Amino acid sequence: MKQKRREFVKLTGVFALMASAGLVPEQAFAQQQARNKAFEAKTLDETVKALGGSTAVQSGDIVITAPDIAENGAVVPVAVASKIPNTQNIYILVEKNLNSLSAGFGIPAGTEANVATRVKMAQTSNVHAVVKADNKFYVATKEVKVTLGGCGG
Amino acid sequence: MADPMRIRATEQSDGVDVRVLMSHEMETGQRRDSAGNLVPAHYISNVTVTHNGKQVLGAEWGPAVAKNPYLQFKFKGGKKGEKLTVTWVDNKGDTRTDEATIN
Chain D
532 MKQKRREFVK LTGVFALMAS AGLVPEQAFA QQQARNKAFE AKTLDETVKA LGGSTAVQSG
592 DIVITAPDIA ENGAVVPVAV ASKIPNTQNI YILVEKNLNS LSAGFGIPAG TEANVATRVK
652 MAQTSNVHAV VKADNKFYVA TKEVKVTLGG CGG
Chain Y
29 MADPMRIRAT EQSDGVDVRV LMSHEMETGQ RRDSAGNLVP AHYISNVTVT HNGKQVLGAE
89 WGPAVAKNPY LQFKFKGGKK GEKLTVTWVD NKGDTRTDEA TIN
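Each protein sequence line maps, in turn, to chains D and Y.
Using the numbering used here, the first residue of the first sequence is number 532, and each one after it goes up by one.
Using the numbering used here, the first residue of the second sequence is number 29, and each one after it goes up by one.
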């Protein structure tokens, strides 16, 4: 056990050295860390925090297009449209999946804040669409009933 | 190497409508095979779409995006005949880039 701890300390030390020596681009490293945190978060609040916000405000300007009842949880079409000006990012979260965050999109200027994709859902759950605009977070929610789960089998 | 993506980009009155269908397993890392071993996660983690050297969409995905991912969005400033490039990278470092012409 002690041995392992030693190795761990050594490893982190080496990594810190590499970072300080500029071998690992520090910013990229920080971004990667933030990304992992966001994808590992289990709840809406945790995810928003991992993305750099504090809380998300309910908004009627976000429209989620998803079926009320999805027959197959492995393929649930979800579209999110935001009418909030300066929308920078759109995130799709499935509340009851093991990790909430399913997908995040970066919207550069000139691109419509309207994306569609398909996600997996383990069970009936709320789907949250989180929008980042002017560095503030907004959220809209829609419940999707799943008759056949999409995770596991 | 993965199969090519199917990309359709059409010019409409209010911008270019882009639809992409990628071919990927999108393993969650939670499934078990018949022997009871976990199937390791294998999913597309990043997607970028560029037009004339300018990024028009970036996406970060987790394993909860459905198998053979589908993506649709719309951007302004594209014209018929111009090229559009879509690139994805998965968590094992595999990558694929495909090009399509706007029509």
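Watch out, some of these pointers could steer you wrong.
[As the list claims (entries may be wrong)] Distance ranges between label pairs, derived from CB positions: (1) D/Thr655 with Y/Asn80: 25 to 33 Å; (2) D/Asn603 with Y/Thr115: 24 to 32 Å; (3) D/Glu577 with Y/Leu66: 23 to 31 Å; (4) D/Pro639 with Y/Ala63: 42 to 50 Å; (5) D/Thr655 with Y/Gly109: 24 to 32 Å; (6) Y/Lys104 with D/Ile595: 22 to 30 Å; (7) D/Lys573 with Y/Lys104: 33 to 41 Å; (8) D/Glu571 with Y/Thr125: 38 to 46 Å; (9) Y/Leu66 with D/Pro616: 25 to 33 Å.
Calculated directly from the structure, the hints in this document are not laboratory data.
Computed from a predicted structure; not experimentally measured.
Idealized CB from N, CA, C, for every residue including glycine.
Hints, verified against the model:
1. Restraint check, D/Thr655 to Y/Asn80: a C-beta distance of roughly 44 Å breaks the suggested window 25 to 33 Å.
2. Taken as a hint, the range 24 to 32 Å holds for the pair D/Asn603 and Y/Thr115, whose Cβ atoms sit roughly 29 Å apart.
3. A hinted range of 23 to 31 Å holds for the C-beta pair D/Glu577 and Y/Leu66, which are about 24 Å apart.
4. For D/Pro639 and Y/Ala63, the hinted distance range of 42 to 50 Å is satisfied, since their beta carbons lie about 46 Å from each other.
5. Take D/Thr655 and Y/Gly109: their Cβ atoms lie about 46 Å apart, and the range 24 to 32 Å is violated.
6. Distance hint check: the CB atoms of Y/Lys104 and D/Ile595 are about 23 Å apart, consistent with the given range 22 to 30 Å.
7. Checked against the hint of 33 to 41 Å, the pair D/Lys573 and Y/Lys104 passes, with Cβ atoms roughly 37 Å apart.
8. The hint said 38 to 46 Å for the Cβ distance between D/Glu571 and Y/Thr125, and at roughly 28 Å that hint is violated.
9. Remark: the range hint 25 to 33 Å for Y/Leu66 to D/Pro616 is contradicted by a beta-carbon distance near 44 Å.
Consistency with the previously given hints fails for numbers 1, 5, 8 and 9, ordered from lowest to highest.
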